[in-house]
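If you read the protein sequences in the order shown, they are chains W and B. Counting in our numbering, the first sequence runs from 1 upward without gaps. Counting in our numbering, the second sequence runs from 1 upward without gaps.
Check before you lean on any hint, since a few could be wrong.
Heads up, the list lumps identical chains together, so a pair's fine if it works in one copy or across two of them.
To be verified - With a Cα cut of at most 25 Å, we get these calculated SDA-like pairs of lysine to any residue:
| hint | residue 1 | residue 2 |
| --- | --- | --- |
| 1 | Lys56 | Gly128 |
| 2 | Lys232 | Ser175 |
| 3 | Lys156 | Leu25 |
| 4 | Lys232 | Leu184 |
| 5 | Lys56 | Ala281 |
| 6 | Lys97 | Glu61 |
| 7 | Lys156 | Ala245 |
| 8 | Lys156 | Gly177 |
| 9 | Lys56 | Ala126 |
Calculated from the structure, these hints are not laboratory results.
Number of protein chains: 2
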Amino acid sequence: MSLDRLIEKIAELQNPTVAGLDPKLDYIPAFIKSAAFQQYGETLEGAAAALLEFNKGLIDELCGIVPAVKPQCAYYEMYGWPGVKALHDTIAYAHKKGMFVITDGKRNDIGTTMEAYAAAHLGSVAVGQTNCVPFGGDALTVNAYLGSDGVNPLLKTCEQEDKGIFVLVKTSNPSSGELQDRMLEQGGSLYAAMGELCEHWGQALPGRHGYSGVGAVVGATYPQQLGELRVKLPHTFFLVPGYGAQGGAAKDVAPAFDANGCGAVVNASRSILCAWQKTGAAQQDYAKAAAREAVRMRDEIRAEIGSIRV
Amino acid sequence: MSLDRLIEKIAELQNPTVAGLDPKLDYIPAFIKSAAFQQYGETLEGAAAALLEFNKGLIDELCGIVPAVKPQCAYYEMYGWPGVKALHDTIAYAHKKGMFVITDGKRNDIGTTMEAYAAAHLGSVAVGQTNCVPFGGDALTVNAYLGSDGVNPLLKTCEQEDKGIFVLVKTSNPSSGELQDRMLEQGGSLYAAMGELCEHWGQALPGRHGYSGVGAVVGATYPQQLGELRVKLPHTFFLVPGYGAQGGAAKDVAPAFDANGCGAVVNASRSILCAWQKTGAAQQDYAKAAAREAVRMRDEIRAEIGSIRV
Numbered sequence: 001m002s003l004d005r006l007i008e009k010i011a012e013l014q015n016p017t018v019a020g021l022d023p024k025l026d027y028i029p030a031f032i033k034s035a036a037f038q039q040y041g042e043t044l045e046g047a048a049a050a051l052l053e054f055n056k057g058l059i060d061e062l063c064g065i066v067p068a069v070k071p072q073c074a075y076y077e078m079y080g081w082p083g084v085k086a087l088h089d090t091i092a093y094a095h096k097k098g099m100f101v102i103t104d105g106k107r108n109d110i111g112t113t114m115e116a117y118a119a120a121h122l123g124s125v126a127v128g129q130t131n132c133v134p135f136g137g138d139a140l141t142v143n144a145y146l147g148s149d150g151v152n153p154l155l156k157t158c159e160q161e162d163k164g165i166f167v168l169v170k171t172s173n174p175s176s177g178e179l180q181d182r183m184l185e186q187g188g189s190l191y192a193a194m195g196e197l198c199e200h201w202g203q204a205l206p207g208r209h210g211y212s213g214v215g216a217v218v219g220a221t222y223p224q225q226l227g228e229l230r231v232k233l234p235h236t237f238f239l240v241p242g243y244g245a246q247g248g249a250a251k252d253v254a255p256a257f258d259a260n261g262c263g264a265v266v267n268a269s270r271s272i273l274c275a276w277q278k279t280g281a282a283q284q285d286y287a288k289a290a291a292r293e294a295v296r297m298r299d300e301i302r303a304e305i306g307s308i309r310v
Numbered sequence: 001m002s003l004d005r006l007i008e009k010i011a012e013l014q015n016p017t018v019a020g021l022d023p024k025l026d027y028i029p030a031f032i033k034s035a036a037f038q039q040y041g042e043t044l045e046g047a048a049a050a051l052l053e054f055n056k057g058l059i060d061e062l063c064g065i066v067p068a069v070k071p072q073c074a075y076y077e078m079y080g081w082p083g084v085k086a087l088h089d090t091i092a093y094a095h096k097k098g099m100f101v102i103t104d105g106k107r108n109d110i111g112t113t114m115e116a117y118a119a120a121h122l123g124s125v126a127v128g129q130t131n132c133v134p135f136g137g138d139a140l141t142v143n144a145y146l147g148s149d150g151v152n153p154l155l156k157t158c159e160q161e162d163k164g165i166f167v168l169v170k171t172s173n174p175s176s177g178e179l180q181d182r183m184l185e186q187g188g189s190l191y192a193a194m195g196e197l198c199e200h201w202g203q204a205l206p207g208r209h210g211y212s213g214v215g216a217v218v219g220a221t222y223p224q225q226l227g228e229l230r231v232k233l234p235h236t237f238f239l240v241p242g243y244g245a246q247g248g249a250a251k252d253v254a255p256a257f258d259a260n261g262c263g264a265v266v267n268a269s270r271s272i273l274c275a276w277q278k279t280g281a282a283q284q285d286y287a288k289a290a291a292r293e294a295v296r297m298r299d300e301i302r303a304e305i306g307s308i309r310v
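Based on the sequences and whatever the hints tell you, model everything.
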């Protein structure tokens with residue numbers, strides 16, 4: 001299903017990375033903000049206009065280098081409904097530029113409510129006789145603490161619409177072990193049990209390249225678990241956060257990949273978005289600085305895994 | 001912190017229930033939809049206008065009976081950014097009518113991203129020199145699979161803004177046991193461990209009535225676990241879904257309450273929203289039919305727990 005499209009795009013660009021679009025106002029050059037505030041005032045509309053302009057500039061420079069973007073919903077919701085409109089417009093712009101879009105919402109619920117999230121982020125909704133596309137991402141991150149009732153409604157939408165999901169398995173944060181590392185009476189850890197469920201759910205969405213439409217989020221900050229899970233979950237594609245700002249290095253993410261250099265996509269957000277600040281680039285050069293960092297990251301990871309053969 | 005305000009409102013109205021605002025278009029009377037579509041067409045804007053009008057009518061009739069509303073984010077996101085604007089406007093309208101608002105988003109993430117969700121749903125955000133309130137709910141539902149890194153940023157906002165959270169502990173759905181009931185090597189179940197973390201996190205937000213600002217979601221469909229957790233988690237206020245359409249009855253929710261009739265708020269969504277359809281009421285009577293069902297539910301639960309003494 002839809003993770004096939006991601007995998008093929010990764011192979012085409014020979015780049016197994018995704019750029020996280022987490023646009024806090026602090027990361028946005030002053031010239032973009034002042035233009036937006038001049039038009040809309042210091043309002044949520046003004047903030048949203050700055051977010052969208054910032055993202056469009058990044059997408060223009062990244063689309064020939066990076067196969068996918070991952071907008072993080074929180075940073076758009078933080079600017080209210082105008083921010084959420086900027087999320088919609090960002091997804092549409094990335095699609096226009098040929099990029100795959102992973103909506104990072106970590107959504108979770110059950111039954112008809114989860115169907116509503118599936119329609120919102122991956123599908124469409126009927127309004128009278130008209131079919132409308134609310135956000136139209138290609139894949140959605142999902143928290144499956146509620147079990148199959150929270151995942152099955154997504155599988156249906158993924159099958160119909162050629163979309164995919166990524167389920168949180170072992171997250172990149174320091175406290176991820178508080179619950180995820182607990183050992184179960186039956187043997188194995190909670191995150192391993194979640195991983196096995198991903199393999200199970202994925203059977204409903206087999207892919208052309210050996211990986212199903214149900215991926216897993218596994219953090220770069222836990223390379224041992226990454227390698228262990230790569231072996232145990234042969235049909236589960238990994239979304240790997242935690243590279244760069246959170247401390248994961250290229251050698252840490254290498255265990256996420258299979259012998260063909262496939263099986264994972266590595267996310268970086270702040271290291272790309274804030275490259276212009278970190279490298280002391282001119283404001284107007286922010287998108288080109290992001291692209292230079294994206295190339296550096298691609299080459300660093302490719303040096304570990306070689307070429308990507310699909 | 002803010003769950004005190006909920007508890008006091010429950011005592012004032014002697015009603016330990018919350019009305020879930022999950023407005024699918026199917027639940028909305030035709031006269032509201034046709035007026036909205038006439039103005040905005042069969043578009044997401046048209047759907048959102050119908051949602052808001054439906055909610056306002058409900059809030060007008062419920063605000064003197066029910067202490068709180070719980071809008072479920074999924075049903076607003078399903079109608080795109082115009083739907084999310086309707087969520088904002090619904091929260092503002094409920095506040096104008098004196099109701100407590102629990103935003104049911106089951107949000108989860110870490111660090112600065114969770115800070116963004118906290119600002120979005122419970123706090124405020126700086127845009128230039130101006131402070132803006134994105135959504136302004138009073139409490140937020142939260143999925144804590146990521147551990148303390150996903151909860152601590154919320155505690156800070158709750159303390160500053162007098163707000164609260166509800167953490168998913170034992171959800172109401174049939175498959176909730178797939179992960180939540182797994183027995184841990186150290187003893188006890190995963191949901192019990194999550195409950196203990198709620199008591200721990202809640203220590204940062206002590207309340208005036210014995211309950212902290214960190215509540216727990218525990219389903220009406222598991223009355224035995226409800227009673228067990230009420231004893232084990234004496235400072236954790238419960239949000240109890242699963243009453244009504246999902247099968248939970250008044251006797252099932254009784255174990256969620258303490259000896260003073262306090263300690264929990266029971267949610268019903270479809271049984272209230274769709275009361276006009278279920279009772280064969282006239283379309284124009286939809287909000288009064290909802291109020292009649294809300295009174296029936298209040299009286300049924302109060303018959304089990306007696307008066308609420310705070």
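**Asked** How do lysine 156 and glycine 177 come out at 25 Å by Cα distance, when the copy is not named: within, between, both, or neither?
**Response** For lysine 156 and glycine 177, only the inter-copy Cα distance (22 Å) is at most 25 Å; the intra-copy one is 31 Å.
**Asked** Given a CA cutoff of 25 Å, do lysine 56 and glycine 128 count as a within-copy pair, a between-copy pair, both, or neither?
**Response** Between. Shortest inter-copy distance 21 Å satisfies the 25 Å Cα cut-off; intra-copy 33 Å does not.
**Homo-oligomer pair classification [leucine 184, lysine 232; C-alpha up to 25 Å]** = both (17 Å within a copy, 21 Å between copies)
**Prompt:** Between the shortest in-copy and the shortest cross-copy C-alpha distance, which are at most 25 Å for lysine 56 and alanine 281: within, between, both, or neither?
**Reply:** within (19 Å within a copy, 51 Å between copies)
**Item:** lysine 97 and glutamate 61: within-copy, between-copy, both or neither at 25 Å Cα
**Value:** Cα proximity of lysine 97 and glutamate 61: one copy only (10 Å, versus 49 Å across).
**Message:** As a check of your reading, is lysine 156 near leucine 25 (CA-CA no more than 25 Å) within one copy, between copies, both or neither?
**Reply:** Cα proximity of lysine 156 and leucine 25: across copies only (21 Å, versus 37 Å in one copy).
**Request:** If the cutoff is 25 Å on CA atoms, where do lysine 56 and alanine 126 land: within, between, both or neither? Let me know, please.
**Result:** between (29 Å within a copy, 23 Å between copies)
**Prompt:** Under a CA distance limit of 25 Å, which applies to lysine 156 and alanine 245: within one copy, between copies, both, or neither?
**Reply:** Between copies only: 23 Å across chains, 36 Å inside a chain, cut-off 25 Å.
**Request:** Go through the copies and call it for lysine 232 and serine 175: within, between, both or neither, with a Cα cutoff of 25 Å.
**Result:** Result: close both inside a copy and across copies, 23 Å intra and 24 Å inter.
Consistency note: the structure conflicts with none of the earlier hints.
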